[in-house]
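Asks: Spelled out, the chains give:
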Amino acid sequence: MSGRGRRITDEEINELISKLQSMLPESRRRNAGRVSASKLLKETCSYIKSLHREVDGLSDRLAGLMDTMDSNSPQAEIVRGLLRS
Amino acid sequence: MYRRSFKDTKSSLGSPNPNFSKPMVALRFLRALSLVRCSGPGARSPSYRARGIRRAAYACMAASAGPRRAWSRALLRKIRRRPGRGLRRPRAVIRRRRPVGGGDPLEVALRRLVPGGGCMEYCRLLEEAADYVKCLAMQVRLMQTIVDSASHVNSID
Chain A
1 MSGRGRRITD
11 EEINELISKL
21 QSMLPESRRR
31 NAGRVSASKL
41 LKETCSYIKS
51 LHREVDGLSD
61 RLAGLMDTMD
71 SNSPQAEIVR
81 GLLRS
Chain B
1 MYRRSFKDTK
11 SSLGSPNPNF
21 SKPMVALRFL
31 RALSLVRCSG
41 PGARSPSYRA
51 RGIRRAAYAC
61 MAASAGPRRA
71 WSRALLRKIR
81 RRPGRGLRRP
91 RAVIRRRRPV
101 GGGDPLEVAL
111 RRLVPGGGCM
121 EYCRLLEEAA
131 DYVKCLAMQV
141 RLMQTIVDSA
151 SHVNSID
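Chains as they are written, first to last, in UniProt numbering: chain A, 1 to 85; chain B, 1 to 157.
One chain only, chain B, in its complex shape:
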């Protein structure tokens, strides 16, 4: 089995994912936004739409980051596992589910905040947290830009 060495880790932290450029994420998010709008015109409450937008934001962020990150895989699993679904498919792969014993309460808190962070080793947790923070900050900047543009458009009418 291929085991990632630390040098590979270093290069993967620095090298940009081609899917995760700002225009690509923006287009993906805008497409998702247009779907949220069309799904229930006038019949849905704003809070329902806000929840849909929030879910779209995290889904686009995770999809753009790609499957090479544990946090993006965990996020997509959580989003796609909607409540109220029927039977679950039997899992063919046995994933490691042992939660890492928490000594440090700060480490436990970080594991809870980073998606998929419960079972990782400490080193991996730091790496995933850094990438997650970077992508989250970019998503926030993107949404702020959209809100600013939309407010600007509304104000000139």
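Next comes chain A alone, as it looks inside the complex:
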């Protein structure tokens, strides 16, 4: 076989699709069976977009919080809080 790659089998694609499906929050909650590939792509796209929006929102909140923080103890408190969780 002198090609650039072997053909991807359906089984391999199905396995990747179920792996991707397990990353999405809705599928985990509902414990749904197999969904169609297009529905999965749609959910993945909307989930990624919502995660991007959350990162933006949390960055804004962090920027606002860092304004009011003191320089010494709060950072230690944050680190302690993180290591507790």
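By construction, these hints were calculated from the structure, which means they are not laboratory data.
Just so we're clear, the structure is a prediction, and the values are computed from it rather than from any experiment.
We put the beta carbon where it would ideally sit given N, CA and C, even for glycine.
Some hints could be false.
[Claimed, not checked] Under the rule of at most 20 Å between Cα atoms (straight-line distance), these lysine-lysine pairs were calculated in the PhoX-like manner:
(1) A:Lys42 / A:Lys19
(2) A:Lys19 / B:Lys78
(3) B:Lys134 / A:Lys42
(4) A:Lys49 / B:Lys134
(5) A:Lys19 / A:Lys39
(6) A:Lys39 / B:Lys134
(7) B:Lys78 / A:Lys49
(8) B:Lys22 / B:Lys134
(9) A:Lys39 / A:Lys49
[Said to hold, decoys possible] Away from chain A, derived, C-beta distances all over 10 Å, residues of chain B:
(10) Ala59
(11) Arg69
(12) Lys78
(13) Gly116
(14) Gly118
With chain A held as given, fit chain B onto it using these hints.
Replies: Only chain B this time, still in chain A's reference frame:
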């Protein structure tokens, strides 16, 4: 040239990257946060700081995921390529730049959302998307934890 077989793909999806444990990512992000704070005390607007924090978030996420992922490499390239820089270094390696012809609009949308997703084959795109989603969700949880801790600290003063 080494070609990854599907079995290697499977194991690499499941095996954890030692750099990508939550405390490691947290420390990296906190260090980046402290740099953002020191770079312009009082002189920068909150929106400027927010942009810096956002960039730090994606950079830490990509750096912790390591270079074995196409999305993390693409993210780091995009972040390090700041606007306003001078001449670009000539590239020694010719990267494959052919965009994959889009049939399915959903597939095209996913390629646009996942960093570096334009040139991959479909199989690889699904794999990269799963890893990207996982790391993004962890980064969001981390930032939420930091915000909660900081709010808690502010409220007890």
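Asks: Hint by hint, note whether the structure agrees.
Replies: Okay, the hints, checked on the actual structure:
no. : hint               : verdict
1   : A:Lys42 / A:Lys19  : holds, 15 Å
2   : A:Lys19 / B:Lys78  : violated, 27 Å
3   : B:Lys134 / A:Lys42 : holds, 17 Å
4   : A:Lys49 / B:Lys134 : holds, 14 Å
5   : A:Lys19 / A:Lys39  : holds, 14 Å
6   : A:Lys39 / B:Lys134 : holds, 19 Å
7   : B:Lys78 / A:Lys49  : holds, 18 Å
8   : B:Lys22 / B:Lys134 : holds, 12 Å
9   : A:Lys39 / A:Lys49  : holds, 15 Å
10  : Ala59              : holds, 12 Å
11  : Arg69              : holds, 14 Å
12  : Lys78              : holds, 14 Å
13  : Gly116             : holds, 14 Å
14  : Gly118             : holds, 15 Å
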